[in-house]
Amino acid sequence: MKILWEFFKIHLFSDFRNRRSIFWVIIFPVLLLSLLILTFSNLGVRGSLNFNVIVIDESGDSGMIFSQKMVDILKSLSFPNKDGVFNLTVMSQGDESKAIKSIMYGESDLLIIIPKNFDSQIAREVLLQKIGFNSSPATVETYYLPNRASSSLAQGLIEGFIGQFNIFFAKNFGQAVQPVKVKNKTLGGIIGSPSYTDFVTPGILVIAPFTTGLLLVAPKLAMMRRNRIMKRYNSTPMNLLSFFFGFTFSRLLIMILQYAGLALFAFSVMKTQINLFSPSALIYYLFSCAVYTAIGFAVGYAVSGPVAVSALSSVVNLPLEFLAGIFFPLFNLSWYIQIFVYANPLWYATNAMRQFLGVSISPSPMWMNIFVPGLWLFASLSFSLVKSLNERR
Amino acid sequence: MEKIIEIHGLRKYYGKFEALKGIDIELYRGEIFGFLGPNGAGKTTTVEILEGLRSSSNGEMIFFGEHIHGTIPSHIKEKIGVVLQETHFLDHLKVREIIELFASFFKNHLSIEKVMELVQIKEKAGAYFDDLSGGQRQRVAIATAIVNDPEIIFLDEPTVGLDPQSRESIWTLIENLKRENKAVFLTTHYMDEAQRLSDRISIIDAGKIITEGTPFELINKYGGKSAVDFKCEPIPADETLKNLNENLSKTDDHFRIKTDNLTKTLEDLVIWSKQSNISLINVSLVEPTLEDVFLSLTGRELRN
Amino acid sequence: MPFELLRKSFYMFIRDRQAIIMFFLLPIIMMIILGFVIAGMSGSTTGVNVKIVTYSDSPEFASLISKEASNIGLNFIFVKTPDDVEELLKAGKAQMGLLINKGVFTFVYDQSYGQYNNYLKDLQDIIANNVNEYLSNVKSFIKIEPIPAKKGNLTVIGFVVPGVIAIAIMIAGIFGMAIVSGNYRQNGVLKRMNVTPVNGGYFFLSLSLIRFFSSLLSAILTVLISEIIFSTGYSINWFYFIIFTSSGILLSLGFGTIFSIFSRDLWTILNLSTIFSIVMMLFSNVFFPYSIMPAYMRIISSMLPISYFAQGLRYVLGIEMMHTENFLIISTIFAFGGITMIILGGHLIFKLEKN
Numbered sequence: 072m073k074i075l076w077e078f079f080k081i082h083l084f085s086d087f088r089n090r091r092s093i094f095w096v097i098i099f100p101v102l103l104l105s106l107l108i109l110t111f112s113n114l115g116v117r118g119s120l121n122f123n124v125i126v127i128d129e130s131g132d133s134g135m136i137f138s139q140k141m142v143d144i145l146k147s148l149s150f151p152n153k154d155g156v157f158n159l160t161v162m163s164q165g166d167e168s169k170a171i172k173s174i175m176y177g178e179s180d181l182l183i184i185i186p187k188n189f190d191s192q193i194a195r196e197v198l199l200q201k202i203g204f205n206s207s208p209a210t211v212e213t214y215y216l217p218n219r220a221s222s223s224l225a226q227g228l229i230e231g232f233i234g235q236f237n238i239f240f241a242k243n244f245g246q247a248v249q250p251v252k253v254k255n256k257t258l259g260g261i262i263g264s265p266s267y268t269d270f271v272t273p274g275i276l277v278i279a280p281f282t283t284g285l286l287l288v289a290p291k292l293a294m295m296r297r298n299r300i301m302k303r304y305n306s307t308p309m310n311l312l313s314f315f316f317g318f319t320f321s322r323l324l325i326m327i328l329q330y331a332g333l334a335l336f337a338f339s340v341m342k343t344q345i346n347l348f349s350p351s352a353l354i355y356y357l358f359s360c361a362v363y364t365a366i367g368f369a370v371g372y373a374v375s376g377p378v379a380v381s382a383l384s385s386v387v388n389l390p391l392e393f394l395a396g397i398f399f400p401l402f403n404l405s406w407y408i409q410i411f412v413y414a415n416p417l418w419y420a421t422n423a424m425r426q427f428l429g430v431s432i433s434p435s436p437m438w439m440n441i442f443v444p445g446l447w448l449f450a451s452l453s454f455s456l457v458k459s460l461n462e463r464r
Numbered sequence: 029m030e031k032i033i034e035i036h037g038l039r040k041y042y043g044k045f046e047a048l049k050g051i052d053i054e055l056y057r058g059e060i061f062g063f064l065g066p067n068g069a070g071k072t073t074t075v076e077i078l079e080g081l082r083s084s085s086n087g088e089m090i091f092f093g094e095h096i097h098g099t100i101p102s103h104i105k106e107k108i109g110v111v112l113q114e115t116h117f118l119d120h121l122k123v124r125e126i127i128e129l130f131a132s133f134f135k136n137h138l139s140i141e142k143v144m145e146l147v148q149i150k151e152k153a154g155a156y157f158d159d160l161s162g163g164q165r166q167r168v169a170i171a172t173a174i175v176n177d178p179e180i181i182f183l184d185e186p187t188v189g190l191d192p193q194s195r196e197s198i199w200t201l202i203e204n205l206k207r208e209n210k211a212v213f214l215t216t217h218y219m220d221e222a223q224r225l226s227d228r229i230s231i232i233d234a235g236k237i238i239t240e241g242t243p244f245e246l247i248n249k250y251g252g253k254s255a256v257d258f259k260c261e262p263i264p265a266d267e268t269l270k271n272l273n274e275n276l277s278k279t280d281d282h283f284r285i286k287t288d289n290l291t292k293t294l295e296d297l298v299i300w301s302k303q304s305n306i307s308l309i310n311v312s313l314v315e316p317t318l319e320d321v322f323l324s325l326t327g328r329e330l331r332n
Numbered sequence: 210m211p212f213e214l215l216r217k218s219f220y221m222f223i224r225d226r227q228a229i230i231m232f233f234l235l236p237i238i239m240m241i242i243l244g245f246v247i248a249g250m251s252g253s254t255t256g257v258n259v260k261i262v263t264y265s266d267s268p269e270f271a272s273l274i275s276k277e278a279s280n281i282g283l284n285f286i287f288v289k290t291p292d293d294v295e296e297l298l299k300a301g302k303a304q305m306g307l308l309i310n311k312g313v314f315t316f317v318y319d320q321s322y323g324q325y326n327n328y329l330k331d332l333q334d335i336i337a338n339n340v341n342e343y344l345s346n347v348k349s350f351i352k353i354e355p356i357p358a359k360k361g362n363l364t365v366i367g368f369v370v371p372g373v374i375a376i377a378i379m380i381a382g383i384f385g386m387a388i389v390s391g392n393y394r395q396n397g398v399l400k401r402m403n404v405t406p407v408n409g410g411y412f413f414l415s416l417s418l419i420r421f422f423s424s425l426l427s428a429i430l431t432v433l434i435s436e437i438i439f440s441t442g443y444s445i446n447w448f449y450f451i452i453f454t455s456s457g458i459l460l461s462l463g464f465g466t467i468f469s470i471f472s473r474d475l476w477t478i479l480n481l482s483t484i485f486s487i488v489m490m491l492f493s494n495v496f497f498p499y500s501i502m503p504a505y506m507r508i509i510s511s512m513l514p515i516s517y518f519a520q521g522l523r524y525v526l527g528i529e530m531m532h533t534e535n536f537l538i539i540s541t542i543f544a545f546g547g548i549t550m551i552i553l554g555g556h557l558i559f560k561l562e563k564n
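The listed protein sequences correspond, in order, to chains A, B and C.
Just so we're aligned, residue 72 is where the first sequence starts under this note's numbering, counting upward by one.
Just so we're aligned, residue 29 is where the second sequence starts under this note's numbering, counting upward by one.
Just so we're aligned, residue 210 is where the third sequence starts under this note's numbering, counting upward by one.
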């Protein structure tokens, strides 16, 4: 017991005195969380939509106001108006090719052309409708690039706004418009209206111990093996289990501190609403910590040099995190990528943590969330054990 | 003297390869035992079995009168201290913390203060291991080996890479251990170190002990002849040299005569110089060393 | 001597498994993973296409919706029960759900879509407007005729993948260079080089050169593999591609060199590179278009070279157009900036090793 305590203590000391450990344990997760929230929490909200739209009114001075009205409505939907979504540039007739070029070069997202006969067509239509004849609506041309997300989104928005134009015209001609009742429902949202902060925090709570498991276990173990520290321990009557548990518990403590620190940060600075003190989340977190420590052991035994471990793991980290759906949800993956997702212990952990922290229901069944990481735990421990016994022969 | 370790017919197989082909070693209390051998001779395997890092395949091992099979059990390890070659410890740990950690491994141990005093590292107790000099690091390594007040201490290349002063002070430490009636098992590549410290020496080659004895005995037996080295002024013609000695050899302007009878050879040399009117300069006597013993026995340089 | 240095750099590189993985495997793996993740989010690999799974209790509404759908470019999938709506949504077969019950429209979102729901909520208003229009018998005065400004194989994935390749190449370059120079600093190799007449800038240039060629080779491989996997249908201008990719690689090698100025500890250098890479990935316009970013992000994004690297890569792959002068300016700045950073960085690191 005393030996276990000594190992626990010195491994904590050696990490807390180490700048690089402090970076990976504390600074990195906090920074990542802040960056992600800074990036995504405002992405796509009304105030941040900003499409570059060009409008060309070719209807000329026909003496009627419909085309002018159309431009005015577009202007009202543009900056600097509140809730604007467009950056509107009004170009004059004849600039059409210049405008199309601007779309092609990605400088603008959409070109709207109000055609020559627009006013007369609308006038004709109003007339025909009044006397009860059917008519065809006036056509507005839009130029866009279907494969550019920006352009395509702007095109979609304009299509939608046409309804608004029509209602506007209808109201202008004295027609009453009854709005339908619209409601919202968020699927899988356990708390009221989860923000991106709530979405991403459980994932950060997975990344943090995983990074610790990888970078504070594997390189350290590789270093101790290479420098024959493990041999030196073995030459004493000390039981290897004392080392194993002392070292592991020190990692667990660091991971628990990470949870506390991140929770505090997410709660006080980032104002998350998730249920940070859910007992099942805490228990699952401890389980994940055990899994990542075991993976760290396996990696530490599998490779020889501490530099190789640290360099590779800091690079392998990112793809694994993407394939866990931590930053973005995972949809429509092809089967060979899906395999990696299904094998990725981080995916299950993220799913489970989201459910336990009250963000969203796990897309994978809960028993899988325990079983697959459990397999990793078992495989990693077996591998490490076999390796360590082999070294003593 | 009390026999602490007795090894008979120790064998070790790695697959089909027989690394140790029946080794016999005896170690007594209060002696420094030097264990020498070229690389790949089975030296490390032997030492690691004795340190409890590997198991033996076959053979009799008796530690403190107790028969042991396979791997050294923990209660024996309680009485063993080990210094591995070029010891490293965890980063960012202080000297005292390292010694405390090792102390915790043993049921009984000396006080940390006393250990630090013994190895003269007390003034560095609060320093980080990474910041110590080579000699200081080696003292810490020795501290971790004697913290359990062991009866046997294994030292593997204790002075590799150290400056002369540090070597001297580590040697003094080792001699102090002997004075305290400990048994010291020393493996080294430095023949001067082995010659100076060891009471008895065994040389292993190709998995077998090829000889054993005190340094003096070994040198007498295998070291070959003494020699007289000298230069001449002016350099004599070959005709003149002919009459001097049949064992004369010449390298550039440097002459050597190997001999069993040093007094006679010296007399002859002086007479010859007077007769031929050639003055002798840089005359020196060359005694055989352990290095010569080693070379003549294994046919290999120690550091290959 | 210059040739000897190059030759040795080459041997050291090809014998270094870690470097090979970093330069060859990493970009390809990153391209595949990120390509799928981003394309998956856009709903399809062929176009930005919002699929709405809908349940309606009245067939009248259903037919109305289908009619309107063609107008507003949405894809409605009709199902038989409200439960099916949730199921399809959860399975990622649609991005939004709609339940029409007794004249009440309930829009269903999937929480795991996160920030993407912001955009969908705008769509909700549009759909509601269109339904209003119909219910109140508002006649269509105006209709829209969308015209693609460019013909040909226009897929979203083809647009996204060049950005992803840009990220992969840059990360590989930065890490690859940072690791080797960090390692050399930490192990005192540079100190040893310092006592020879070798010039620091020159030494780093020779280290970069071999990495440059392998990175270029790996970029070509990555593009070809992406064509196979995603059927992106590029029309590649190979001459421009080589020029532009080379300049981007030089720049990333330059960044890697600069990062190793800051510390002698390999880990610290890796930390710096990691932070830079993450900022670069998140704030670039590769994952999300400028037009849905908040203003501060747009500013940061426009300052990051990765945004321009991605843009240029789309150009040379025939995905997007670009003014030739912009292309030349970007390539020149990247190449000169990169080489300057390598030479100056190497020089400075050697100088630091002296003190």
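None of these hints come from the bench; they were simulated from the model.
Beta carbons: idealized from backbone N, C-alpha and C, even for Gly.
Any given hint might turn out to be false.
Stated by the list, open to error - Straight line, CA to CA, 30 Å or less: simulated DSS-like cross-link-like pairs of lysine-lysine:
no., chain 1, residue 1, chain 2, residue 2
1, B, K49, A, K73
2, B, K236, B, K259
3, A, K73, B, K107
Stated by the list, open to error - Some but not every residue of chain A turned toward chain B, in silico, with C-beta under 8 Å:
no., residue
4, I74
5, F79
6, L83
7, N89
8, K140
9, D143
10, S147
11, S149
12, R296
13, K302
14, S306
15, T307
16, P308
17, M309
18, K458
19, N461
As the list claims (entries may be wrong) - To give an idea of the interface, some chain A residues facing chain B are shown, with a C-beta separation under 8 Å as derived from the structure:
no., residue
20, K73
21, E77
22, I81
23, R88
24, K172
25, F204
26, S207
27, T210
28, K254
29, N305
30, L448
Hint-by-hint comparison with the structure:
1. Taken as a hint, the B/K49 and A/K73 pair is broken in the structure, with Cα atoms around 41 Å apart against an allowance of 30 Å.
2. Note on B/K236 and B/K259: the hinted pairing is violated, with a Cα-Cα distance of about 42 Å set against a maximum of 30 Å.
3. In summary, the hint linking A/K73 to B/K107 is supported, as the alpha carbons are separated by about 19 Å, within the 30 Å threshold.
4. At its closest, the beta carbon of A/I74 sits 5 Å from a beta carbon of chain B; the interface hint therefore holds under the 8 Å criterion.
5. The interface hint given for A/F79 is broken, as the beta carbon of that residue sits about 11 Å from the closest beta carbon of chain B, more than 8 Å.
6. With a cut of 8 Å, the hint placing A/L83 at the interface with chain B is violated, because the nearest CB-to-CB distance is about 11 Å.
7. Interface hint at A/N89: satisfied, since its Cβ lies 5 Å from the closest Cβ of chain B, which is below the 8 Å cut-off.
8. At its closest, the beta carbon of A/K140 sits 73 Å from a beta carbon of chain B; the interface hint therefore is violated under the 8 Å criterion.
9. Annotation: interface hint on A/D143 violated; nearest CB of chain B at approximately 69 Å, more than 8 Å.
10. About 64 Å separates the beta-carbon of A/S147 from the nearest beta-carbon of chain B, more than 8 Å, and the hint is not met.
11. Violation of the interface hint for A/S149 is found here, the shortest Cβ-Cβ separation to chain B being roughly 59 Å, above the 8 Å cut-off.
12. A cut of 8 Å between beta carbons decides the hint on A/R296: the least distance to chain B is about 11 Å, and the hint is violated.
13. Checking A/K302 against chain B: minimum C-beta separation of about 6 Å stays under 8 Å; hint holds.
14. The interface hint given for A/S306 holds, since its Cβ lies 4 Å from the closest Cβ of chain B, which is under the 8 Å cut-off.
15. The beta carbon of A/T307 comes within 4 Å of a beta carbon in chain B, closer than 8 Å, and the hint placing it at the interface holds.
16. Because the beta carbon of A/P308 sits about 4 Å from the nearest beta carbon in chain B, less than 8 Å, this interface hint is met.
17. With a cut of 8 Å, the hint placing A/M309 at the interface with chain B holds, because the nearest CB-to-CB distance is about 4 Å.
18. Restraint check, A/K458 versus chain B: the minimum CB separation of about 16 Å is more than 8 Å; hint violated.
19. Given the 8 Å rule on beta carbons, the hint for A/N461 is violated: about 12 Å separates it from the nearest Cβ of chain B.
20. With its C-beta approaching chain B no nearer than about 5 Å, A/K73 sits inside the 8 Å limit, and its interface hint holds.
21. Among the interface hints, the one on A/E77 holds; its C-beta lies about 4 Å from the nearest C-beta in chain B, closer than the 8 Å criterion.
22. Contact between A/I81 and chain B, as hinted, is supported at the beta carbon level, the nearest pair being about 5 Å apart and thus within 8 Å.
23. Satisfaction of the interface hint for A/R88 is found here, the shortest Cβ-Cβ separation to chain B being roughly 4 Å, below the 8 Å cut-off.
24. For A/K172, the interface hint is violated, since its Cβ never comes within 8 Å of a Cβ in chain B; the closest pair sits about 61 Å apart.
25. At a threshold of 8 Å, the smallest CB-CB gap from A/F204 to chain B is about 88 Å, leaving the interface hint violated.
26. This hint is violated: A/S207 has a C-beta 79 Å from the nearest C-beta of chain B, more than the 8 Å allowed.
27. For A/T210, the shortest C-beta to C-beta distance to chain B is roughly 73 Å, which exceeds 8 Å, and the interface hint is violated.
28. A distance limit of 8 Å between C-beta atoms decides the matter here; for A/K254 the minimum to chain B is near 59 Å, and the interface restraint is violated.
29. With 8 Å as the threshold, the beta carbon of A/N305 comes within range of chain B, its nearest partner Cβ sitting at about 5 Å, so the hint holds.
30. This hint is violated: A/L448 has a C-beta 25 Å from the nearest C-beta of chain B, more than the 8 Å allowed.
Violation of the numbered hints given earlier is confined to hints 1, 2, 5, 6, 8, 9, 10, 11, 12, 18, 19, 24, 25, 26, 27, 28 and 30; the remaining hints are satisfied by the structure.
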